[in-house]
Structures are given as structure tokens and as C-alpha cells.
Amino acid sequence: MSVEVLLFIIFNGLLYGMFLFMLSSGLTLIFGMMGILNFAHASFFMIGAYLGYQISLYSSFWIAILLAPLLVGYIGAMVEKYGLRNVHKYGHIAELLFTFGLFYIIEEIVQMIWGKTPVAYKVPELLNFPLIQVSGMAYPAYSMFRLVLSVLIFIAIYRILAKTKTGLIIKASLTNPDMVAALGHNVPRVFSNVFGFGCGLAGLAGVMAGNVIGTEPSMALLLGPIVFVVVVTGGLGSIKGALVASIIIGLMQTAAVSLEFNLNNIFQYLGYNIDINSTLNYFTNITISQLSPIVPYLLLIIILIARPRGLFGKRDV
Amino acid sequence: MSSLFRNYKFIFYSILTFILLLLPILFSSSFVLTLFCKMGVLIIFSVAYNMLLGQTGLLSFGHAIYFGLAGYASMHFLSGINNNFLPSLPLPFLPFIGAFVGLILGVSIGYLSTKRVGTAFAMISLGFCELITALTLIFVVFFNGEDGIQADRVTGNDFLGITYGPQQEVYYLILFWCIFAVSIMYLLTKTPFGRMCNAVRDNQQRAEFIGYDVRKIRWMAFSLSAMFAGAAGSLHAINYEHIGFESVSLVQSGMVLFMAYIGGIGSFLGPIIGAISLTYLDTMLSDVTEAWVLYYGIIFVLVIAFAPQGIAGLILMHEPVVRNKPSLLKKLIFPYLIFGLSILILVIGFTTIIELIHSLKSNHSNLTIYWIKISNSNFLVWLTSIILAILGLFLCRKSYFRTKEVWNDVIENIKMSLVK
Chain A
1 MSVEVLLFII
11 FNGLLYGMFL
21 FMLSSGLTLI
31 FGMMGILNFA
41 HASFFMIGAY
51 LGYQISLYSS
61 FWIAILLAPL
71 LVGYIGAMVE
81 KYGLRNVHKY
91 GHIAELLFTF
101 GLFYIIEEIV
111 QMIWGKTPVA
121 YKVPELLNFP
131 LIQVSGMAYP
141 AYSMFRLVLS
151 VLIFIAIYRI
161 LAKTKTGLII
171 KASLTNPDMV
181 AALGHNVPRV
191 FSNVFGFGCG
201 LAGLAGVMAG
211 NVIGTEPSMA
221 LLLGPIVFVV
231 VVTGGLGSIK
241 GALVASIIIG
251 LMQTAAVSLE
261 FNLNNIFQYL
271 GYNIDINSTL
281 NYFTNITISQ
291 LSPIVPYLLL
301 IIILIARPRG
311 LFGKRDV
Chain B
1 MSSLFRNYKF
11 IFYSILTFIL
21 LLLPILFSSS
31 FVLTLFCKMG
41 VLIIFSVAYN
51 MLLGQTGLLS
61 FGHAIYFGLA
71 GYASMHFLSG
81 INNNFLPSLP
91 LPFLPFIGAF
101 VGLILGVSIG
111 YLSTKRVGTA
121 FAMISLGFCE
131 LITALTLIFV
141 VFFNGEDGIQ
151 ADRVTGNDFL
161 GITYGPQQEV
171 YYLILFWCIF
181 AVSIMYLLTK
191 TPFGRMCNAV
201 RDNQQRAEFI
211 GYDVRKIRWM
221 AFSLSAMFAG
231 AAGSLHAINY
241 EHIGFESVSL
251 VQSGMVLFMA
261 YIGGIGSFLG
271 PIIGAISLTY
281 LDTMLSDVTE
291 AWVLYYGIIF
301 VLVIAFAPQG
311 IAGLILMHEP
321 VVRNKPSLLK
331 KLIFPYLIFG
341 LSILILVIGF
351 TTIIELIHSL
361 KSNHSNLTIY
371 WIKISNSNFL
381 VWLTSIILAI
391 LGLFLCRKSY
401 FRTKEVWNDV
411 IENIKMSLVK
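Protein chains in written order, with this note's numbering: chain A, 1 to 317; chain B, 1 to 420.
Keep in mind the hints are simulated off the structure, nothing from the lab.
Just so you know, these numbers come straight off a predicted model, no measurement behind them.
Each residue gets a CB set at the ideal place from its N, CA and C atoms; glycine is no exception.
Take these hints with a grain of salt, some might be off.
Anything over 12 Å on all C-beta distances counts as not near chain B; from chain A, calculated [claimed, not checked]:
(1) PHE11
(2) LEU57
(3) TRP114
(4) LYS116
(5) GLU125
(6) LEU127
(7) ILE132
(8) VAL190
(9) ILE226
(10) ILE266
(11) ASN273
Straight-line C-alpha distance at most 20 Å; calculated EDC-like pairs for lysine to aspartate or glutamate [said to hold, decoys possible]:
(12) B:LYS115 to A:ASP316
(13) A:LYS116 to B:ASP287
(14) B:LYS325 to B:GLU405
(15) A:LYS116 to B:GLU355
(16) B:LYS330 to B:ASP409
(17) B:LYS38 to B:ASP287
So here's chain B without its partners, still in its complex pose (with noise of 0.2 Å):
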């Protein structure tokens, strides 16, 4: 039974494999490949740092000096090969300078940050991110200041006939490079290491007790955490062919955050899903609405309050249900589909309203919303949007409570057969 399984997941990452490959072949728009090489990057950045939030049990607010710090490297690298300053290196290896500053940062910092946890171990790396962000604002020679520095990343010592001019190739390199690195991370959980980090974020006591010393445990997360970070950093950097101060900022940092927590911290899957999600709704959503940091905001704090495993753990919660029961999925459904309506009311009609205000601001009077064109003096439409909004909340703590109650006699239904 479990050869076979072991079976259908290999085939599956194979299918999975193939269709990156062939993504390019399928999309050739420069937009859509160069979203694809952004969820790469990210991909391995929310990765990196769920292995410190997730199964460390710390929360940074400054992943980003990594992720920066490399990127600025990385950038002056390249620059050095094109001025003919430095030995010429394969494009393709340049993540591993990145992964290298990464590690020297992660190293130093960790060792004076992972003296603490929790609060004040988030604040010590609130503070480093800070120091550094304002250290890049003024160190103008390394740094040139506000505007970043750019390089081109065709070094025109091609490495087996790749240029890495058009976006397609470096699609592949970051396709790569984000394979590469999200295996090893995920090896690493597997080793002895990965599951005394678990130990260390569930039962610190214990496992000094075992005999292990729980800071540099924290520390050697802390650093490989980082060195992953820096080779997104670096990937980031050839992707745009610039970097600049906000990559080491508290905005970014705050980013990789979002997408890993409402992706899920519980499980290697969640970050993943965060970052794909979310990089795709804020390139879509960024053209379309310029209240989009709100509605990210929002999600954020609605995972955390009523969802705190995330998008992930909302998907894992039902495998027991699949393992023992399938068929009682079924009666899932109707609840589901109802509780699905009453949220799609809500975001109507509170995105409406949300419009709304931002549109008495700009000089048009008239704005298109869900494909319908309303003008905002209309009084109906206001009066609309606010009852289908108060209608959607209703509706929605209703079904929510009502979904529950189905879940949980669900659960109960499996439990009873699983003593029997």
C-alpha cells in the first residue's frame, strides 16, 4: 500500500515537473513568465523563512536583510564580472554568492538574535531590520542610496549557449534553482536536525533535557534559513536586473510574512501555496484596485483569528475525513457551498463600498466593478452595496456556525468508527 502511494506521488511531481517545463511553451506572454519567475523567487523565500516560523518557532521580522543583502551582492558581482574586475562566473551559480552572503549574515546575526525567543527574539530582528535599512541609506558608495544599483545579467560569457538574455531562460534557471532549493528544504525536515527544530518550537525544556542545546539549534536554523533567503535574494535580483533599499525593508520582510502565515506555517506545502496565491493576486489585483494592501491586510488578520493554520491547514483538515471516510464528504458539500455564497456576498459587497470611497476621490464619477459600470453619485448603489454587505455578514456568521456544526458531527462520525 505504501509503495504504491510512494508510487502515485512520484508520478505526480514528475507531471508536476513537466508542466513547468513546459510553461513557457504554453504561456509566451512576457507578463505571464515574468509573474512565473516572480512566484519562483518568492517560492523559495517564503520557504526559507517558514523553517524558521514554521518549524523553528521564531518569528522574524527581518528575513529580508538576507534576502536584500544577497540580492546587493549578487548585483555587484555581476557588475564586477562585466567590468572584467572579477573571474567570470556562470550565471547559474551566482544564487550560491548569494546563498554564501546569506549564510555569513545568518550566522552573525543569528548568534547574537537566537539568544531569545519568542517577542523579544521578533523584535531584536525588527530592530536589525531597521538598523540595516537605514545603514543602506546612508552607505550611498555600496548602496547608491534610494535609486539601488542594477547590472546586466548578459555577461556574454555564455555557459553551454545560454545568454540569459530573454525572460524564457531565466524562467528556467529560476525554475530550477526554486526545485533545487525547495527539495533540499524539504530533505532537511526529514533529518534529525529538522525534527529538533519541531522540538525546540513545541517543548524547549524537553528538548534540552534529551541533551540538546536548544540555542544552537535555533542558530543553525536561523543561519540555513538565511542562506536559502539570500539565494531567492540573488534570483530576485538577476529576475529584475536591479535591487533596490525596499528589498531589505520592513515592507518586504512583512511580505514573505503574509504569505507564509496565511499559506499555512503548519505544514511544507502552506508557504508555497501562500506565495503563489498572493503573488497573483497582488500583480492581478495592483492594476485593478488601489485598496489592494487593505484587502491584503484584512485576509491576514482574518487567517490569523478564525484560521491560524492557513490556507494549508483548512486543505489538511479534511485528510482525515479522506483516509477513513470518504463518503461522508458528501454531506459536506451543501454547507460548504452555502458558507462559499454567503463569503462571495460579503467581498461584493464590501469591495463595492470600499471602491466606492477611493472613487470620490479621483474626478470620475463613473467606475466598472465586478464587469458592472456604476457611478458613485447614485444613491442605490451605495444603499445596494451596504445591505449586500450587512446581508453577506449575516448570512456568513450564520452558515459559519451551521458549516461547524456539520464538521463536527463529521469528525465525531469517524471517531466513533475508529473505536469500533
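With the rest of the complex left out, here is chain A (with noise of 0.2 Å):
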């Protein structure tokens, strides 16, 4: 393997990685916090990617990066408080049923408004060019503007919950709400708040991905269960461990992708030749690139038996 190939799946991977932990940094604390396995996650990360596209046909992308997330996060409040508190007392299966069927809801409003085909959301002008070029290979000055926006995200959420009083209050209802509620907070308006910010999270980055990922319908069922391999193999409630199994799932992914090898040529190198009209062909020539998709899921079912709590968490899911 060549040193800008290399290069490509460290970079690809990162972008990848840091997409993925803006997308599930919110559901890590929302899970953490009120046990809710959000279901329609990635349909608030596609609300804010359509948000993105209308706001920014009628004004410009700068202005969506702002208002869309904020749009979002007020739809995922209002979502928490009006639906999700009323089927609290049935249990967290409940709730995890309730956010199920609100993904089929989103996405057939998501179809009626914008229709099935994907819309155009184009990547801002400003930023349309290669940045670097590396012998060959460009890297586009807006993918550099997302992974250091994302950075930014991570450091700013990190300070938040470390420093300022309302982290200590996050955190405290992570680990212990009844005692939170008795020392005189108003716990349900810290969750809403906090379900509320999660989906903005997702939203943010539903407007800098969906000019590259495409705008579609189809785009939350497609991220939907990466998502909760994220929040799984980080940790309960651990916005370092979020970061880092994002991190490592973006480079696994890419170096997956990247990866044209199969048995065949294992048996190459010991010796033996598999026919190719033979039965046994169609397993060996599968490349490691091919099984790329089912990484991801291995590694959530792997985690969630072997060690349920996770990479950073602090107790089991």
C-alpha cells in the first residue's frame, strides 16, 4: 500500500469518523441520560439536511448552517414533550416503539413535502475547490471545512459538560435524576433541553453532509443503525467514547472500502488455484471491500454481548 493511499483512508476516515460523531454525540447523551434509544435519530439528521437545502435555496448556506439546527432542535423539544413524556410511564420499550413509528412518520412527511427523488443541495461556492493536492488525489477545501467545524463541535460540547454548571447538571441527571429533581431542577425540562440539543447536533450535521452524502429520503434508514453502533460501542453517555468509536468506525469503514482482497488470493499465496466456473468461487472471490457494509454490525452485536457497556461507559446499556 502506497503512502497517499494511505494518506486517502486516514483523511476519508477521519471526515467520515468526525460525520459520524456529530451524528451520534447527541443520541450518546440523550441515551445516557433518559435511557431513550431515539429510533428517529437520523430522521432529525434528514429533517436538518432538507432544512438545509429549503433555507439555503431562499437565502444562502451560511444562513442554514445557523437556522436549520436550531429549526431541528426545536422540533426534537417539542417532539420529547409532547409525545415521548406522555409514554414514559409505559417503560423505555415503549419509548423506543413510540421514536420507531415516528421514523416512518418523518420520513413520509420528509416524501410528501420534498418528494421521493433526492434534491439538489449543492456543496456552498465558497468552498468549492480543492484545497490540497496530495500526487493526485484533491481534498476539497469543504470537506477540510466540515472536519474542522466538527472538531470545533466536539471541543465545544466537551467544555460545556466539563466546565459550565449546566454540564454538572447534564451529568448529574445522567447518574442520578431523583436526586437532581430533589436538590430543586426541573429534570423533565433538562431532558427536553437535552433531547432537544441532540437533535440540533444531528441536524447540524444532517445541513454539512447532505450536499455530499445526497438528500434523499431513503438517507435516515440508511444511517439509522450506524448510528446506534456509535453510541453502543462508545459508551452510555460518554461523549469521548462517542468520539472515539466514531472515529474508529470511519477508519474501518474506509480502510473496508478500500480493500480489494478476498481468499482467493490467500490460497494464491499458499499454492492452490480456485477454479473460477467453481461453487466454491462464489465465496472465496468476495472482497473484504464487499463485506465492508456488515463491519459496522458485527461490531455492535460483538460489543453488546462481549462488553455491553461500551468502550468509556459506566455501566452496561
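Both chains are sitting in their own frames, so use the hints and assemble them into the complex.
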């Protein structure tokens, strides 16, 4: 493997990892704090992408990146306040099912408003040029912008949780909601705000990524399960864990995609040759890049069975 | 008294079976027959699913794995028979192959996933679902990618002179299997094993304390549920003579979850009610409206928020009233009527708005809803439907609380009479 390919894998892996982090850090907080596994989290991401498209159509991308996450966060907080809070008394499974239904509803509403085909959400003109060129491979300026912004957001969340009083209350509500309520804080409102904040982060990820990966109604279904992988691998309520898990998964996925390597290569190395027409060849010629879609789910299953508290979690899922 | 009751039950089920046997003669159109076949398959699937969700308390997002993969296995077996590659097996026994595949998968996947409960279990099942769906698209030789595989169910070796060419004969096959599988699953709920499933669901610690291995019980329930899902998948494949990767995917798993939950997971009849009503609505409404999945989702969310025991739970709620003081039911009729009317107004207003929004996308400005032709360029139509929706919402809120009051009165009354 040449250095350029390695560099490319690292850059794209980091980019994808930071995107996953933006997408799932909100859910890490929500899941850790309220125990709600929000199935519709990726749907809020999708709403963000569509709102970003719509707002940038009327004004500019820069207004969209400020406004759309706020709107998504508001929608999220309202969903928590008027929907989830009523279901809370039936337990976590009912909440999970509620968000599962919500996932369907949001997908249908998005289809109703914007149609079933992808919308033409474009990268802003200002950043639409290759920033660096290393031996024939171009690194677009917009990707750099996304990378830098997501790193800044990680630092911001980390600082808020670690240094401010709000962060202290949130962290306390994560572990001990009853005690926090007894001290006079409005825990349901904290929940609502965190839920809205998490959805807003997903919305921001949507605004930033929708113009790269394509804004279409099926994007929530494609990304939904991967969000869970990040949350579970990182550990409940751990922002640091979410970051590490995102980057690991990002690098793993990107590396797997670029490996055109299969069992035939190993057999050839050992001195056997498999007949191309044999049935066995159907299995041995599957490359690692073809298997890359299953990597995150395999990770999810293994983590949940072997180490349900994830990398940095303090308690089991 | 109780033997008399049992007699009634026996007569009821006999009549029901008789009607089901006569159905193909009453409805000869192939459309209706196909609908009944679909219902039969999904009844088995959703009852099997509820063995896990309702009775053992495990929420699975990946139950379509056993349904779909058993379907694939059956299709391969069928084409193996057609190519004289495999020994000929009469078609009615093919679901046993599907059940066997389901059981093998259930035992192996269940071994891993039943180590956890609750949300963790749900996520493991989701992981398996996505994993298997991705694999069906990777291993083209077995699954044939997005096209899926097909096989001819008319194998030529007629069993008792039945070819299973016409849909009618397939209906009887599915009916037989539906009654057979559902009765076995019902009897299973009456066994000590079935009771232990409920105990594990309700209080794991106590079940453990009595001396049961709770994980083993979950594992057994999981495997059996997968086995029946496999039989259903096999019948599904026979019915359509085709199976595709969507039968393995999260969409199929979500559908069976909706059916079981909307029908009511708390009782054995719930999933059956859910499968019948949702299949009917699905077939009828998917031609009429594009927004069917939206309504589906909204119904599901409303059931979770307001009637967590589903349709069956709403019906069974009245059992103590009927048993103790049937005369009190009269008191309930009027509030129910008002509540039903308010819901009707809300539904008409809401669906009209949704359909109007949908019609904006198409080129036609006219649409027919509730047998009335309206135009989406007419401002008055929009205004009327919005007013109807708001009025309906308002009336629903009002009459909901009123109905609840009357209901509480009735229950209080019964409680008092029982104390005396």
C-alpha cells in the first residue's frame, strides 16, 4: 500500500468518523440520560439536511447552517415534550417503539413535502474548490471545513459538559435524576432541552453532510443503525467514547472499502488455485470491500454481547 | 357453567372453521383469495412474533430473518425438486423445511442474543437484521441479489391429486397450516413453559429465585418463535412463488411489529386481529392513497401513547363489565358514539388535508376523497378540511375525557357491587 492511499484512507476515515460523531453524539447524551434509544435520531438528521437545502435555496448556506439546527432542535424538544413524555410511564421499550413509529412518520412527511427523488442540495460556491493536492488526489476545501467545524463542536460540547454548571446538571441527571430533582432542578425540562440539543446536533450534521452524501428520503434508514453502533461502542453518555468509536468505525469502514482483497489471494499465496467456475469461487472471491457494509453491525453485536458498557461507559446498556 | 361455556367455545370455533372452509366458494375472485392467503401467512407470523414480544417480553427488530431465510430455503428446495435434484416432497410438507431452517437459525442466533434483555436485546436483533440483509445482497449465488429467487410450486408429483396450481388450493393449504400452527402456539401458552415465559417477562428475579434458568427459557421461546416464523416464511414463498431480500429486511420486521402491537400484545387474539385488519387496510388503502405508510405510522404511535394494549386490549377491557353487570354497557353506548363521531370528523379533516398536499405534487388538480370530487385549487376546500380537523381534534379531547369519566363511573360501580 502506498503512502498516498494510506493518507487518503486516514483523511476520509477521519472525515467520515467526525461526521458519525456529529450525528451520534446527541444520541449518546439522550440515551445515557433518559435511556431512550431514539430510533428517529437519523430522521432528525434528515430533517436537518432538507431544511438546510430549503433555507439555502431562499438565502444562503451560511444562514442555513445557523438556522436549520435550531429549527431541528426545536422540533426535537417539542417531540419530547408532547410525545415521548407521555409514553415514559410505559417504560423504555414503549419509548423505543414510539420513536420507531416516528421514524416512519418523518420519512413519509419528508416524502410528502420534498418528493421521493433526491433534491439538488449543493456545496456552497465559496468552498467548492480543491484545497490541497497530494500526488494526484484532491482534498476539497468543503471537507476540510467540515472536519474543522466538527472538531470545534467536539471541543465545545466537551467544555460545556466539563466546565459549566449546565454541564454539571446534565451529568448529574445522567447518573442520578432523582437526586437532581430533589435539589430543585426541573429534570423533565433538562431532558427536553438535552433531547432538543441532541436533535439539533444531528440536524447540524445533516446540513453539513446533506450536500455531500445526497439528500433523499432513504438517508435516515441508511444511517439510522450506524448511529446505534457508535453509541453502543462508545458507551452510555460518554462524549469521549462517542468520538473514539466514531473515528474507529470511520477508519474501519474506509479501510475496508479500499481493500480489494479476497480469500482467493490467500489460496494463491499458499499455492492453490481455485477454479473460477466452481461454486466455491462464489464465496472465496468476495472481497473485503464487498463485506464492508456488515462491519459496523458485526461490531454492534460483538460489543453488546461481550462488553455491553462499551469503551468508556460506566454502566451496561 | 364452565362446561356450558366450553361447549359454546367449541361450537363457535367449529362454525368459524366451517366459514373459513367455505370462503373460497363465497368469494371466487382471485383478488380476495390472494388477500386471504396473505392474511393467513401473516397471522402465523405475527402470532409467532408475539410469542416473543408479548409473552416473553423480548422486543425483536429482526424477526424477518427467520421468515425470509426460511422462504429462501423453501424456494431452493422447491426448485431442487423441480430439477429432480432433491427427492420429491409433497408441497404441504414444505413448511416443515422452513420451520426447520427457522429453528436452526433461532437456536444459533438466539444463543447469542438472549444473553441480554430489553433495549440491548432489541439492538442485537437490529444488528442481526442489518447484517443478514447486507449478506443477502453480497452472496448473489444463493440470494440472487435484489431480484430474489422464484420457483414453480406445481412440482408434478401430486399429493392426493392436488396440484396446488390454482390459488384456491393454496388457500386451503395456508388455512390448514394457519389453524395447525396457531393451535400449537395457543396450546404452548397453556403449558408450564408458556407460563414460565410470562414469569420471565414479568419478574425475572423471582423466576430465577424459584430455580429456573431464565436465559434458557428466553432462548427456548426465541427458538420456537423463530421456528413458527420460518413456517410462515415458507408459506409466504409458496403463495407468491417468489422471495426477495425485502422479506428479510427491517421493513418486514417493522411490519410484523406493527401488526402485533396494534392488534394488542397482551392477549393471544391481539396479533391475529392486527394481522387481519392491517393486511386488509394495507391492500385496500395502498391503491387509494399514497400516504398509507404515514397513516400506518400515526396509528402505531397513537396506539403506543393511548392504548398500549392494542385493539384486543380495548375489547377485553369490557370483559369485567359484561361478566358482572351487562346492563351498565348501555350507559357507555352514548359516550362511545360521541367519541367515535369526533374521531370520524378528525380523520376526515386530517386525511383530506394530507391528500390535498399529496395532490399538489401530481398534475391533476382534481381528486376524489370519500366519494366526493374536490379541486386542490379551491381555497374553500382547504379551509373546510382544516376547520374539520381542528374541530375534530377539539371534540376528541372533550369527549375523550367525558368517556373516561363515564368509564370510571362504571368500573367504580362494578367494584362496589363486588364488595357487597
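Taking the hints in turn, this is what the structure says about them:
{"no.": "1", "hint": "PHE11", "verdict": "holds (26 Å)"}
{"no.": "2", "hint": "LEU57", "verdict": "holds (18 Å)"}
{"no.": "3", "hint": "TRP114", "verdict": "violated (10 Å)"}
{"no.": "4", "hint": "LYS116", "verdict": "violated (9 Å)"}
{"no.": "5", "hint": "GLU125", "verdict": "holds (30 Å)"}
{"no.": "6", "hint": "LEU127", "verdict": "holds (33 Å)"}
{"no.": "7", "hint": "ILE132", "verdict": "holds (34 Å)"}
{"no.": "8", "hint": "VAL190", "verdict": "holds (21 Å)"}
{"no.": "9", "hint": "ILE226", "verdict": "violated (9 Å)"}
{"no.": "10", "hint": "ILE266", "verdict": "holds (18 Å)"}
{"no.": "11", "hint": "ASN273", "verdict": "holds (20 Å)"}
{"no.": "12", "hint": "B:LYS115 to A:ASP316", "verdict": "holds (13 Å)"}
{"no.": "13", "hint": "A:LYS116 to B:ASP287", "verdict": "holds (18 Å)"}
{"no.": "14", "hint": "B:LYS325 to B:GLU405", "verdict": "holds (18 Å)"}
{"no.": "15", "hint": "A:LYS116 to B:GLU355", "verdict": "holds (16 Å)"}
{"no.": "16", "hint": "B:LYS330 to B:ASP409", "verdict": "holds (13 Å)"}
{"no.": "17", "hint": "B:LYS38 to B:ASP287", "verdict": "holds (16 Å)"}
Checked against the numbered hints above, the structure violates hints 3, 4 and 9; every other hint is satisfied.
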